[in-house]
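There are 2 protein chains.
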Amino acid sequence: MSLAMKLYGYWRSSSAWRVRTALAFKGLEVEHVPVHLVKGGGQQFSSEFVAKNPMAEVPVLELDDGQLLTQSVAILEYLEEAHPSPALLPREPLLRARVRTLVQIVNSGIQPLQNRVVMSELERGGIVADDWARHFIKRGLTAFEQQVARSGGAFSVGDAPSFADIYLVPQLFNARRFSMPLEEFPTLLRIEQRCYELPAFQKARPENQVDAEPL
Amino acid sequence: MSLAMKLYGYWRSSSAWRVRTALAFKGLEVEHVPVHLVKGGGQQFSSEFVAKNPMAEVPVLELDDGQLLTQSVAILEYLEEAHPSPALLPREPLLRARVRTLVQIVNSGIQPLQNRVVMSELERGGIVADDWARHFIKRGLTAFEQQVARSGGAFSVGDAPSFADIYLVPQLFNARRFSMPLEEFPTLLRIEQRCYELPAFQKARPENQVDAEPL
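Chains as they are written, first to last, in the working numbering: chain Z, 9 to 223; chain V, 9 to 223.
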């Protein structure tokens, strides 16, 4: 019987990417279990996987004792409470709020509106999904840039990496997938560069995953 | 100079409603500043308000010292840290994760996909927005129901109200606005009823707000 944690993910899923970064940052080893979101209509819809997550989404973190955690925000907060060091949240409540605001700008303000499920629904309805995605990415990144330009340091909130940076990096990757120009967001690009100087952020990149395909 | 907190909200906004419930539950007094999301194309787009929140969304919580907090999740986590009693999160990390998962099922899994901005974009594109909204509400509430039927008690997680219930109640209200049948969700309806037995949940209802209009 294995006692390792398992992460059900997909190399290009931004939500799984966030969890990979947090795990790597905290030095936690996991077994990666790929769930192919495209092949055969999507393995996330298999009855076996839906039993793990009724939302039919990655990531799912399976703990040593078999408990299942879903939703990247809940997983990251759990990891921070269970493995507080090295920290991914500042200590001061107001700074923690700044981090969590940035997280939600991405997690509820952008990502749900440009994920695969929504893109397919839109295309079925004849809407140009890429324009739609760019609209919401731009709105969210503009808000993120403004807040960070005002209160950021080397990273999104202060001089240490936090949840906010973990959400930012995959969102910038997605923005490029939609061919968005990013020169309006100089602070975000500078922070992204600093993030990629850290081994945890490198390790979590899509192209470095066991199930990676050509980009 | 006033020293009270101010909540910029709108009677029918589910995100503002969540913050109202948490404030009332913790016995915190605030000055309510209505921002009409419909009148005159939406007061949230005024330059004065966008300076407070570049996402042009309610709620915004303005603290005694003028600091501005946005995003309901960040505001609730802040209130819990700054005013821990009465608690809206359990103490055990795994139970806290259960709460936060349910919160995100609503906050990122449902609400962004059926809010006003998205509905208008869809209608411009000729998509039947109500069908779209019902699709995503049903997916999310089904996942919520399954998790709560398994691990809930009197409330969504255990026997005390938590963030999860605060997110559930406005989402059920929205489901009814989209004329969704709710008999598939008996556990959620039972929890909703218990919530409404609590004064904080009554006080936060849309129809009890200063800016309420006929439902």
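Calculated directly from the structure, the hints in this document are not laboratory data.
Among these hints, one or two may not hold up.
Copies of the same chain look alike in the list, so a pair counts if it fits in one copy or across any two.
Stated by the list, open to error - Within a straight-line C-alpha distance of at most 27 Å, the following computed DSS-like cross-link-like pairs (lysine-lysine) qualify:
| no. | residue 1 | residue 2 |
| --- | --- | --- |
| 1 | K60 | K146 |
| 2 | K47 | K34 |
| 3 | K146 | K34 |
| 4 | K146 | K47 |
| 5 | K60 | K14 |
| 6 | K14 | K211 |
For this session: Sort out which numbered hints this structure fails and list those numbers smallest first.
Result: 2 and 3
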